[in-house]
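Chemist: Protein chains in written order, with UniProt numbering: chain A, 1 to 570; chain B, 1 to 570.
Each hint should be verified, as a subset may be incorrect.
[Claimed, not checked] Residues from chain B that face chain A, not an exhaustive set, calculated with beta carbons under 8 angstroms:
id	residue
1	338
2	382
3	425
[Claimed, not checked] Label-pair ranges, simulated between beta-carbon atoms:
id	chain 1	residue 1	chain 2	residue 2	range
4	B	382	A	170	18 to 24 angstroms
5	A	219	B	379	43 to 49 angstroms
6	B	379	A	68	18 to 24 angstroms
7	A	204	B	68	49 to 55 angstroms
8	B	66	A	495	41 to 47 angstroms
9	B	509	A	1	17 to 23 angstroms
10	B	142	A	170	50 to 56 angstroms
11	B	200	A	54	25 to 31 angstroms
12	A	54	B	397	45 to 51 angstroms
13	B	169	A	51	38 to 44 angstroms
14	B	385	A	139	31 to 37 angstroms
15	A	72	B	382	31 to 37 angstroms
16	A	95	B	542	57 to 63 angstroms
17	B	126	A	495	54 to 60 angstroms
Calculated from the structure, these hints are not laboratory results.
Remember, predicted model here, so these are calculated numbers, not experimental data.
No residue lacks a Cβ here, since even glycine has one placed at the ideal position from N, Cα and C.
There are 2 protein chains.
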Amino acid sequence: MRRIVVVGGVAGGMSAATRLRRLDEEASITVLERSGHVSFANCGLPYHLGGVIEKRSSLLLQTPESLAARFAIDVRVHHEVRAIDREHRRVSVRDLATDESFELGYDALVLSPGARPVVPNLPGMSVAHTLRDIEDLDHLVAAARDVEAAVVIGGGFIGVEVAENLVHRGIPVTLVEATDQVMAPLDPEMVEPVHDALRAAGVQLVLGASVERIEPAHVTATTLDDGTVATAVGVPVVHLSDGRALPAGLVVAAIGVRPERALAEEAGLAIGERGGILVDEQLRTSDPAIFAVGDAVEKHDGLDASSVLVPLANTANRQGRVVADVIVGRPGADRPVLGTAIVGVFGVAAAAVGWNEKRLRAAGRPHRVLHTHPGSHAGYYPGAETIALKLLVDPDTDAILGAQAVGRDGIDKRIDVIATAMTGGLTAGELADLELAYAPQFGSAKDPVNMLGWVDRAVADGDVETVQWHELGAALAAGATLVDVRSPAEHAARPIPGGVNVPVDDLRARMDELPDGPLVVHCEVGLRGYVAARLLAQHGREVRNLDGGYRTWRAGTAATHVAEEVSAPA
Amino acid sequence: MRRIVVVGGVAGGMSAATRLRRLDEEASITVLERSGHVSFANCGLPYHLGGVIEKRSSLLLQTPESLAARFAIDVRVHHEVRAIDREHRRVSVRDLATDESFELGYDALVLSPGARPVVPNLPGMSVAHTLRDIEDLDHLVAAARDVEAAVVIGGGFIGVEVAENLVHRGIPVTLVEATDQVMAPLDPEMVEPVHDALRAAGVQLVLGASVERIEPAHVTATTLDDGTVATAVGVPVVHLSDGRALPAGLVVAAIGVRPERALAEEAGLAIGERGGILVDEQLRTSDPAIFAVGDAVEKHDGLDASSVLVPLANTANRQGRVVADVIVGRPGADRPVLGTAIVGVFGVAAAAVGWNEKRLRAAGRPHRVLHTHPGSHAGYYPGAETIALKLLVDPDTDAILGAQAVGRDGIDKRIDVIATAMTGGLTAGELADLELAYAPQFGSAKDPVNMLGWVDRAVADGDVETVQWHELGAALAAGATLVDVRSPAEHAARPIPGGVNVPVDDLRARMDELPDGPLVVHCEVGLRGYVAARLLAQHGREVRNLDGGYRTWRAGTAATHVAEEVSAPA
Chain A
1 MRRIVVVGGV
11 AGGMSAATRL
21 RRLDEEASIT
31 VLERSGHVSF
41 ANCGLPYHLG
51 GVIEKRSSLL
61 LQTPESLAAR
71 FAIDVRVHHE
81 VRAIDREHRR
91 VSVRDLATDE
101 SFELGYDALV
111 LSPGARPVVP
121 NLPGMSVAHT
131 LRDIEDLDHL
141 VAAARDVEAA
151 VVIGGGFIGV
161 EVAENLVHRG
171 IPVTLVEATD
181 QVMAPLDPEM
191 VEPVHDALRA
201 AGVQLVLGAS
211 VERIEPAHVT
221 ATTLDDGTVA
231 TAVGVPVVHL
241 SDGRALPAGL
251 VVAAIGVRPE
261 RALAEEAGLA
271 IGERGGILVD
281 EQLRTSDPAI
291 FAVGDAVEKH
301 DGLDASSVLV
311 PLANTANRQG
321 RVVADVIVGR
331 PGADRPVLGT
341 AIVGVFGVAA
351 AAVGWNEKRL
361 RAAGRPHRVL
371 HTHPGSHAGY
381 YPGAETIALK
391 LLVDPDTDAI
401 LGAQAVGRDG
411 IDKRIDVIAT
421 AMTGGLTAGE
431 LADLELAYAP
441 QFGSAKDPVN
451 MLGWVDRAVA
461 DGDVETVQWH
471 ELGAALAAGA
481 TLVDVRSPAE
491 HAARPIPGGV
501 NVPVDDLRAR
511 MDELPDGPLV
521 VHCEVGLRGY
531 VAARLLAQHG
541 REVRNLDGGY
551 RTWRAGTAAT
561 HVAEEVSAPA
Chain B
1 MRRIVVVGGV
11 AGGMSAATRL
21 RRLDEEASIT
31 VLERSGHVSF
41 ANCGLPYHLG
51 GVIEKRSSLL
61 LQTPESLAAR
71 FAIDVRVHHE
81 VRAIDREHRR
91 VSVRDLATDE
101 SFELGYDALV
111 LSPGARPVVP
121 NLPGMSVAHT
131 LRDIEDLDHL
141 VAAARDVEAA
151 VVIGGGFIGV
161 EVAENLVHRG
171 IPVTLVEATD
181 QVMAPLDPEM
191 VEPVHDALRA
201 AGVQLVLGAS
211 VERIEPAHVT
221 ATTLDDGTVA
231 TAVGVPVVHL
241 SDGRALPAGL
251 VVAAIGVRPE
261 RALAEEAGLA
271 IGERGGILVD
281 EQLRTSDPAI
291 FAVGDAVEKH
301 DGLDASSVLV
311 PLANTANRQG
321 RVVADVIVGR
331 PGADRPVLGT
341 AIVGVFGVAA
351 AAVGWNEKRL
361 RAAGRPHRVL
371 HTHPGSHAGY
381 YPGAETIALK
391 LLVDPDTDAI
401 LGAQAVGRDG
411 IDKRIDVIAT
421 AMTGGLTAGE
431 LADLELAYAP
441 QFGSAKDPVN
451 MLGWVDRAVA
461 DGDVETVQWH
471 ELGAALAAGA
481 TLVDVRSPAE
491 HAARPIPGGV
501 NVPVDDLRAR
511 MDELPDGPLV
521 VHCEVGLRGY
531 VAARLLAQHG
541 REVRNLDGGY
551 RTWRAGTAAT
561 HVAEEVSAPA
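Let the hints inform the model, and build the full structure from the sequences given.
Modeler: This is how it looks when you write it as structure tokens:
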């Protein structure tokens with residue numbers, strides 16, 4: 001009889017345990033979980049805080065009892081593994097309820113300890129809440145009662161979700177993010193709709209400033225007329241690098257997570273360059289009897305196979321299944337990760353897959369950039385929402401390197417389709433030929449994903465040359481003339497400074513008006529600009545089209561202006 | 001200067017014309033359109049009938065004027081091409097407005113005549129409306145005023161959309177479909193939610209009966225007391241094969257479409273086995289100067305390369321672009337079609353890609369069938385809807401042969417992802433590893449598409465053997481015992497006749513209660529059944545799991561019962 005011990009009863013750990021039972025009815029399977037809950041809905045925690053998920057019990061997908069009944073798994077909550085005795089293949093366990101310790105032998109040990117929230121070592125930070133498990137949630141829900149203002153530190157997935165849900169509770173929120181934007185997976189020109197949604201919902205967004213310290217709540221004592229002393233407890237004050245002081249009855253730190261590797265490290269298991277537990281393709285650690293899965297391990301990037309930390313539930317579950325297969329002797333191999341992810345905030349969804357432009361630039365990897373702004377479904381059918389789409393493409397192979405989508409409808413679908421195309425090895429140009437389900441309430445005869453493929457082909461085939469939003473200034477400085485091919489009304493309402501206006505439909509007749517020399521054409525989203533660029537190029541003009549049109553330029557420069565404002569001295 | 005004439009100004013034809021202009025500024029491009037409109041939103045026509053698309057003008061995406069201004073295309077509506085003089089490369093054109101004729105020479109001719117609605121040759125059928133273009137829509141809208149009852153003949157895409165939109169207008173509708181189900185792309189056990197949605201919205205659904213004749217409206221004359229004669233015009237009566245007589249002030253025929261091939265045929269161009277214009281990979285007809293695109297041409301099936309008719313806008317647009325590339329001398333090749341399609345009716349969406357089981361069986365092609373019933377997003381987040389999913393897989397190669405999805409949310413996304421996986425050559429098992437965007441309002445950590453992959457692997461790896469809903473009777477007749485592993489409450493509420501009830505969580509303890517011999521286990525959707533089957537198989541029992549559980553069985557047998565009822569003598 002195989003003895004399997006699993007450390008950590010959420011996502012990867014529990015996927016491994018249940019899969020193991022389905023594969024081996026005879027095995028002894030023990031799951032040790034430090035917290036009081038297993039198989040809880042990690043990704044749902046912020047939504048109970050905000051009351052979107054009304055019942056706390058909805059988050060508890062399984063209990064030790066249900067797992068015992070169905071899978072004959074011995075699940076022990078409030079049990080912490082303190083040490084691994086690799087030589088004798090046993091773990092030291094502390095029952096946190098009774099404070100008793102015992103040892104447990106294993107033939108295979110699966111580590112699924114997850115990741116823990118990063119809390120910076122700054123004065124007063126101990127008052128900050130984090131949100132990782134049900135216990136954290138309970139504390140946070142209790143602390144959020146009768147709070148007049150909250151500060152959320154960090155604009156990642158958890159940060160924006162917590163900010164949204166505190167607003168749902170009626171609590172004014174300030175979101176403090178040290179970089180110039182929330183949602184790091186998005187490039188700056190893509191994130192503006194998220195910033196706008198946060199601000200429109202009343203979140204005070206502080207970008208480019210960091211927390212320096214948290215001043216504890218002051219207790220003020222007042223001597224009353226009758227000689228008694230009344231005391232009043234104030235609220236902590238969050239002091240920022242820009243000099244602001246934000247009183248906050250509630251502070252939530254959502255800066256990021258880091259692999260929970262202490263147990264593995266103390267046992268002498270190899271740790272990778274990113275600080276996660278190092279595993280091979282079969283998810284074996286440097287000890288062949290010990291496996292590790294989930295947020296705690298380093299994964300391999302889907303594009304360049306480098307070590308990456310990708311704390312996502314999908315990946316953790318997948319690894320849990322693989323490790324079960326490997327333990328029972330089946331073929332099983334971990335796969336590289338694309339890191340597809342999505343967040344919803346106040347009705348806006350933002351999703352990404354693969355690498356973003358920031359990362360490609362940092363790595364010096366050549367890339368082609370495409371921006372589009374299609375409707376979520378046919379424009380003639382009511383309710384279509386604009387999607388901001390970005391595709392990053394290898395200019396040599398036409399391979400898709402990454403994609404981003406932001407908007408109020410159809411975001412998840414487009415990113416899922418592109419993620420699937422990446423996994424299937426389709427090139428960017430081949431997106432044009434995908435047959436996607438079309439009826440006017442669901443998409444377009446030329447779906448946004450098809451359009452990306454066509455835009456890519458136009459650039460790849462040399463039919464059009466593009467200028468990116470951040471390249472426009474240099475192009476104009478080098479002597480190019482900017483031609484706005486939108487209507488006069490559009491030009492007047494939303495101009496790019498320095499442009500002349502010749503509507504695309506007048507272009508053949510008015511071509512002589514354009515000055516000699518190189519041209520940059522632009523429209524609202526890039527489509528009329530493309531038509532104009534084709535026309536002008538065929539008439540012998542040197543012309544480039546502003547990629548993504550006015551909208552991408554506007555979003556990009558708005559993001560840059562924010563950055564400049566906050567970095568300027570106050 | 002290249003002279004290009006395009007016959008037909010919608011979808012494929014107009015895609016070809018505009019792409020040609022972008023590639024060749026010098027060409028003479030003439031588009032001849034028989035109706036009064038080009039580039040109209042074909043797929044939106046039913047929704048203006050129902051007022052969902054309020055303005056008729058929303059359907060008119062381009063006009064001859066806008067196309068002249070932007071693309072310098074000579075677009076002539078109300079112009080019918082009567083004949084092609086292939087020898088002299090010119091077409092005979094009739095201006096339907098003036099009734100004058102003229103000839104027009106071409107270097108390349110592009111035929112994009114589309115498909116025309118099938119109207120059966122039955123007595124009285126001339127009163128029936130069809131819905132193909134704006135003129136049809138205008139007639140239909142006018143005829144739908146003051147109508148007390150309507151009959152829609154045919155339960156395909158257009159039929160159900162017209163039925164829905166007539167209900168939106170407040171008109172009682174009977175939908176008559178000659179086969180046992182609407183939406184032929186779906187297999188019978190998948191279509192029940194569509195039938196239910198139609199019935200719940202008040203549509204009288206008549207399946208398995210056909211129209212035999214339409215009795216014209218009677219005029220009754222009554223002599224009044226004062227000697228004058230009053231006449232009253234009744235309504236036509238639709239007589240069905242089952243003896244029913246349905247009075248209907250409005251009759252719409254939506255039986256299907258057939259390629260508009262007369263012009264090509266009369267010009268001696270080759271016609272294919274399915275009745276469409278025959279074209280090669282460059283969309284050339286049997287005359288190298290004549291090309292054809294869209295609904296009028298035969299396409300190649302994505303699975304077996306056989307000739308197929310796939311009248312979809314996406315495909316037509318794609319062919320329009322290819323033909324433009326070919327005409328200007330660029331590489332361009334038509335691609336096989338998967339035929340991805342979707343329909344929405346009263347909030348239920350039904351979508352399909354590839355082959356269905358009916359077609360696989362008819363072709364004698366081996367296939368593995370999987371049914372699942374996942375939630376559209378995480379069950380712990382409010383608003384999740386159940387999706388009925390079906391996957392058809394090649395048992396030898398694990399290639400995906402087709403998929404169907406029906407439900408109220410997330411249908412288009414799952415079919416688009418599977419269509420993309422098919423195009424990318426991913427196997428069914430590889431669906432398990434797709435990284436799909438997950439936050440609880442958008443999906444699940446184990447997305448429904450991932451789950452399909454896991455279910456496929458379980459069958460492919462021999463971990464579980466399944467019984468399909470239509471095989472259950474034979475399995476039980478052969479001596480298998482049916483074990484319902486749901487809770488007693490579920491068993492009592494929704495039983496499959498003949499089953500014994502042992503909940504999955506009691507199975508280890510109560511295994512001795514099960515009689516000897518082969519077992520079939522089932523639960524509600526197939527998941528607990530799978531767990532039970534794994535358990536029992538490891539204890540040495542011969543066991544199969546009812547694929548898709550009670551729900552698929554119920555839907556399949558309900559569909560069959562309907563078929564039996566209607567085929568029984570009245």
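Chemist: What are the numbers of the hints that this structure violates, sorted from low to high?
Modeler: 8 and 16
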